[in-house]
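K.L.:
The lines below spell out each chain.
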Amino acid sequence: MLNRSMVEQIKCRWREFRREPSAFFWVVFMPVIWMLALGFAFSKPHPETYGIGWHAPTKATPWTSSLHDVLQKDPQLKFREGDIEELRTRMKRGEIALIVTSSKDQAVSYTLDEKNPEAVRAEKYVDDAVQRFGGRQDTIQKDLQSIEVEGGRYVDFLIPGLLGLSIMTSSLFGVGMTIVSNRKENLLKRYLATPMRAYEYIVSHVCGRMMVLTAEFIAVMITGFVIFHFKVYGNFLSYIFFAVLGAAAFTSIALLCAARTRSIPMISGLTNLISLPMMMLSGVFFSKNNFPDWLITATAYLPLTALNDGLRRIALEGQPLHSLGFEIAVLSFYLFVPAIITQRLFKWF
Amino acid sequence: MESLLIARNLRKSFGSVTAVQDISLEVKPGECLALLGPNGAGKTTTVEMLEGLIPPDQGSISIFGKDLKKERATIMHDVGVMLQDTQLYKRMSVRETLSLFASFFKSSMPVDEAIAMVELQDKADTHLVKLSGGQKQRAYLACALVNNPRLLFLDEPTTGLDPQARRMIWDLLLKHKTKDRSILLTTHYMDEAEKLADRIAVIDHGKIIAEGSPQSLIETVCGKQILCFRFAGEQTSDQIFSTLGKDLPWIKDSFVSGDTYELVASDQVNHMTELLRVSDRTGLVLDQLELRRSTLEDVFIKLTGRSMRDA
Numbered sequence: 000m001l002n003r004s005m006v007e008q009i010k011c012r013w014r015e016f017r018r019e020p021s022a023f024f025w026v027v028f029m030p031v032i033w034m035l036a037l038g039f040a041f042s043k044p045h046p047e048t049y050g051i052g053w054h055a056p057t058k059a060t061p062w063t064s065s066l067h068d069v070l071q072k073d074p075q076l077k078f079r080e081g082d083i084e085e086l087r088t089r090m091k092r093g094e095i096a097l098i099v100t101s102s103k104d105q106a107v108s109y110t111l112d113e114k115n116p117e118a119v120r121a122e123k124y125v126d127d128a129v130q131r132f133g134g135r136q137d138t139i140q141k142d143l144q145s146i147e148v149e150g151g152r153y154v155d156f157l158i159p160g161l162l163g164l165s166i167m168t169s170s171l172f173g174v175g176m177t178i179v180s181n182r183k184e185n186l187l188k189r190y191l192a193t194p195m196r197a198y199e200y201i202v203s204h205v206c207g208r209m210m211v212l213t214a215e216f217i218a219v220m221i222t223g224f225v226i227f228h229f230k231v232y233g234n235f236l237s238y239i240f241f242a243v244l245g246a247a248a249f250t251s252i253a254l255l256c257a258a259r260t261r262s263i264p265m266i267s268g269l270t271n272l273i274s275l276p277m278m279m280l281s282g283v284f285f286s287k288n289n290f291p292d293w294l295i296t297a298t299a300y301l302p303l304t305a306l307n308d309g310l311r312r313i314a315l316e317g318q319p320l321h322s323l324g325f326e327i328a329v330l331s332f333y334l335f336v337p338a339i340i341t342q343r344l345f346k347w348f
Numbered sequence: 000m001e002s003l004l005i006a007r008n009l010r011k012s013f014g015s016v017t018a019v020q021d022i023s024l025e026v027k028p029g030e031c032l033a034l035l036g037p038n039g040a041g042k043t044t045t046v047e048m049l050e051g052l053i054p055p056d057q058g059s060i061s062i063f064g065k066d067l068k069k070e071r072a073t074i075m076h077d078v079g080v081m082l083q084d085t086q087l088y089k090r091m092s093v094r095e096t097l098s099l100f101a102s103f104f105k106s107s108m109p110v111d112e113a114i115a116m117v118e119l120q121d122k123a124d125t126h127l128v129k130l131s132g133g134q135k136q137r138a139y140l141a142c143a144l145v146n147n148p149r150l151l152f153l154d155e156p157t158t159g160l161d162p163q164a165r166r167m168i169w170d171l172l173l174k175h176k177t178k179d180r181s182i183l184l185t186t187h188y189m190d191e192a193e194k195l196a197d198r199i200a201v202i203d204h205g206k207i208i209a210e211g212s213p214q215s216l217i218e219t220v221c222g223k224q225i226l227c228f229r230f231a232g233e234q235t236s237d238q239i240f241s242t243l244g245k246d247l248p249w250i251k252d253s254f255v256s257g258d259t260y261e262l263v264a265s266d267q268v269n270h271m272t273e274l275l276r277v278s279d280r281t282g283l284v285l286d287q288l289e290l291r292r293s294t295l296e297d298v299f300i301k302l303t304g305r306s307m308r309d310a
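Respectively, the protein sequence lines represent chains C and R.
Counting from 0, one number per residue, gives the positions in the first sequence under numbering that gives the first Met the number 0.
Counting from 0, one number per residue, gives the positions in the second sequence under numbering that gives the first Met the number 0.
Calculated directly from the structure, the hints in this document are not laboratory data.
Some hints could be false.
As the list claims (entries may be wrong) - Subject to a maximum C-alpha distance of 30 Å in a straight line, what follows is the list of computed DSBU-like cross-link-like pairs (lysine-lysine): (1) Lys105(R) - Lys223(R); (2) Lys105(R) - Lys10(C); (3) Lys10(C) - Lys43(C); (4) Lys346(C) - Lys105(R); (5) Lys183(C) - Lys206(R); (6) Lys230(C) - Lys287(C); (7) Lys251(R) - Lys27(R); (8) Lys183(C) - Lys301(R); (9) Lys10(C) - Lys245(R); (10) Lys68(R) - Lys346(C); (11) Lys65(R) - Lys89(R); (12) Lys301(R) - Lys245(R); (13) Lys206(R) - Lys251(R); (14) Lys245(R) - Lys27(R); (15) Lys251(R) - Lys68(R); (16) Lys43(C) - Lys123(C); (17) Lys178(R) - Lys194(R); (18) Lys58(C) - Lys123(C); (19) Lys206(R) - Lys346(C); (20) Lys174(R) - Lys89(R); (21) Lys58(C) - Lys43(C); (22) Lys178(R) - Lys183(C); (23) Lys27(R) - Lys129(R); (24) Lys346(C) - Lys65(R); (25) Lys89(R) - Lys69(R); (26) Lys206(R) - Lys176(R); (27) Lys194(R) - Lys346(C); (28) Lys69(R) - Lys183(C); (29) Lys230(C) - Lys91(C); (30) Lys89(R) - Lys183(C); (31) Lys206(R) - Lys194(R); (32) Lys346(C) - Lys43(C); (33) Lys114(C) - Lys287(C); (34) Lys346(C) - Lys178(R); (35) Lys10(C) - Lys89(R); (36) Lys183(C) - Lys251(R).
These figures come from a predicted structure and were not determined experimentally.
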């Protein structure tokens, strides 16, 4: 299978990648930069803070002044004061989520948008502080035992997600753009005017993708291991298998996108259309547990979700491959179905 | 000697546009056949059918005695192709590009030999993006020659090149011809066809309208010489034709290009004398009057009534 022509084509794919400085940068350095930036930014999680506005329509009493001081000094509150119009404007800008109005002793009123989850949380937190200020006592004795869950840091969650994201973008953009640009420049037509077998060109792209995957895998994992002491609790070969399966699935999707497209803006738009929703919905940077149930179910069928979930379960939970049947099935679907359609649709020029 | 390429009654339409109406042609061993015609005449469609890139709607193609449709993969091992408007990998060197193309064929010449053949030894390790237009075209030609093809297809090989680069490509092709190899060339440059081709097929509107050696085409269609003349003053061609038409009925057969009239006719000396006499009598002043050698452009004008450049 690996004849001279195939070897030359694979060398050609590597040279294309290696000699395109921007491709090298996006694939190798971009995920590392993301990891460093986000990994350090969220390495010491701070408690959530809420922006609140203090509105006092009447002259302050000793009671309202004391409450004002308590809330102002709370480290979890970003405290603002002003008239009601100014505070409403700040609320529109997203600077505050809640307006606390105190006009007489022993009474406060809250103004908030109940559809805004942050505002609801802010109201709960502030009301708790207000009630304690008013003298409420907790009746149940509480004992807090702090433990550190293995693989439970944000950066542990982030690294497999970034690897998945990097695999998706490099496969979609790398393969899709290259094929469309080759078609546009009549290179595919030129190939067709030789005895080269069509499958060699496609297989060379798959092999080329695996070389790029090796580069991005090494970059992400070494940075993770060395700087963040990231650990893969499961089988490392299973972890590699999942990355390869993900790269193959996204390469197949890229081949389908590029099967007939002749224009670069078209392939670029198509690739963005596919990748942007997954970037947001497949739990790359943040857990998708806050999504509504129907959305969690729907996004489970996205290839990036399957890839990220699979990588995380192996790396963080130490799960074996046979327990990841759903994720493997989803990725296999995106590997085989687009490949079969591409075989029928592909045009050389 | 049996022809290397035989195409019969080729026809190709794209939607409602018929690009090739009915073309039959043959290329013999050691022969260079040029398909000459203006842009849009159907040359590229014809050659792409002959290369097996697009299937004809009708007709048959046989190359080296084999049916192109059935045995294309085998045939292409002995065929070289240089397409119009192709860009190979910009960031690969000449040597790397040739290694890639050489790898497609069962047998090919050593890459360095191919590089030497197109005289790019000093650019062998230069990336294609850094080559001039002419050097790039020579590299593409080397890709077409790397398998020592018995039949070479060249589609507009010198379009967009400066005169010196064109001449260099011609010299390389003439050298290739001496090895008894066949070439099918498409071009809209008369001088290119005249320089390289043993036989020319003039194509217009998807049909071959004349065929023969450059010299025989010129002599049979136009005669050896063309009468060229120009009048002083601002008269339009209609005014000239109405003034002279009565005494010189042949003047309406002239082809008008700007303010110059060109006449293809057999008895040029008589026409010249008549023109001098009648214009003198009618008060028209001749600014220019000459006989020049006929060219393939004149053949095209005579056959279609249009200049190749205007077609």
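K.L.:
If a hint holds in the structure, say so; if it does not, say that too.
P.N.:
Hints and how they fare:
For a cut-off of 30 Å, the pair hint linking Lys105(R) to Lys223(R) is broken: about 48 Å separates their Cα positions. Restraint check for Lys105(R) and Lys10(C): satisfied, since their Cα atoms lie roughly 19 Å apart, inside the 30 Å limit. Between the alpha carbons of Lys10(C) and Lys43(C) the distance comes to roughly 45 Å, so the proposed pair goes past 30 Å and is violated. Distance restraint check for Lys346(C) and Lys105(R): the Cα-Cα separation of roughly 25 Å lies within the 30 Å cut-off, and the hinted pair is therefore satisfied.
As the CA atoms of Lys183(C) and Lys206(R) are separated by approximately 29 Å, the hinted pair is consistent with the 30 Å bound. With a C-alpha separation of about 22 Å, the suggested pairing of Lys230(C) with Lys287(C) holds against the 30 Å cut-off. Simply put, Lys251(R) and Lys27(R) have alpha-carbon atoms about 41 Å apart, too far for the 30 Å limit, and the pair is violated. Distance check on the hinted pair: Lys183(C) and Lys301(R) sit about 38 Å apart at the alpha-carbon level, beyond 30 Å; violated.
This hinted pair does not check out: Lys10(C) and Lys245(R) have alpha carbons roughly 75 Å apart, beyond 30 Å. For the given pair, Lys68(R) sits about 18 Å from Lys346(C) by alpha-carbon distance, which is consistent with the 30 Å threshold. Proximity of Lys65(R) to Lys89(R) is assessed by CA-CA distance (about 36 Å); at most 30 Å being required, the pair is judged violated. Note on Lys301(R) and Lys245(R): the hinted pairing holds, with a Cα-Cα distance of about 23 Å set against a maximum of 30 Å.
This hinted pair checks out: Lys206(R) and Lys251(R) have alpha carbons roughly 27 Å apart, not beyond 30 Å. Only pairs whose Cα atoms come within 30 Å are accepted, and Lys245(R) paired with Lys27(R) is rejected, the gap being roughly 50 Å. Simply put, Lys251(R) and Lys68(R) have alpha-carbon atoms about 49 Å apart, too far for the 30 Å limit, and the pair is violated. A threshold of 30 Å between alpha carbons decides the hint, and for Lys43(C) with Lys123(C) the separation of about 24 Å falls inside it, so the pair holds.
About 17 Å separates the Cα atoms of Lys178(R) and Lys194(R), which keeps this hinted pair within 30 Å; it holds. Proximity of Lys58(C) to Lys123(C) is assessed by CA-CA distance (about 26 Å); at most 30 Å being required, the pair is judged to hold. Between Lys206(R) and Lys346(C) the CA atoms are separated by roughly 28 Å; this keeps the pair inside 30 Å, and the hint holds. Under the criterion of a C-alpha separation no larger than 30 Å, the hint pairing Lys174(R) with Lys89(R) is consistent with the structure, at around 28 Å.
At roughly 42 Å between alpha-carbon atoms, Lys58(C) and Lys43(C) are farther apart than 30 Å, so this suggested pair is violated. Straight-line distance between C-alpha atoms of Lys178(R) and Lys183(C) comes to about 35 Å, which puts the hinted pair past the 30 Å bound. With a C-alpha separation of about 38 Å, the suggested pairing of Lys27(R) with Lys129(R) is violated against the 30 Å cut-off. At most 30 Å may separate the alpha-carbon atoms for a hinted pair to count; Lys346(C) and Lys65(R) meet this at roughly 26 Å.
For the suggested pair Lys89(R) and Lys69(R), the alpha carbons sit about 34 Å apart, so the restraint of at most 30 Å is broken. At most 30 Å may separate the alpha-carbon atoms for a hinted pair to count; Lys206(R) and Lys176(R) meet this at roughly 27 Å. Among the hinted pairs, Lys194(R) with Lys346(C) is inconsistent with the structure: their alpha-carbon atoms are about 37 Å apart, more than 30 Å. Note on Lys69(R) and Lys183(C): the hinted pairing holds, with a Cα-Cα distance of about 28 Å set against a maximum of 30 Å.
Under the criterion of a C-alpha separation no larger than 30 Å, the hint pairing Lys230(C) with Lys91(C) is inconsistent with the structure, at around 43 Å. Simply put, Lys89(R) and Lys183(C) have alpha-carbon atoms about 14 Å apart, close enough for the 30 Å limit, and the pair holds. Taken as a hint, the Lys206(R) and Lys194(R) pair is honoured in the structure, with Cα atoms around 23 Å apart against an allowance of 30 Å. Under the criterion of a C-alpha separation no larger than 30 Å, the hint pairing Lys346(C) with Lys43(C) is inconsistent with the structure, at around 52 Å.
The straight-line distance between the Cα atoms of Lys114(C) and Lys287(C) is roughly 19 Å, inside the 30 Å bound, and the hint therefore holds. Taking the CA atoms of Lys346(C) and Lys178(R), the gap is about 36 Å. The hint is violated against a cut of 30 Å. Distance hint between Lys10(C) and Lys89(R) is fulfilled; the C-alpha atoms sit about 15 Å from each other, no more than 30 Å. The suggested pairing of Lys183(C) with Lys251(R) is violated, with an alpha-carbon distance near 47 Å, which exceeds 30 Å.
Checked against the numbered hints listed earlier, the structure breaks hints 1, 3, 7, 8, 9, 11, 14, 15, 21, 22, 23, 25, 27, 29, 32, 34 and 36; every other hint is satisfied.
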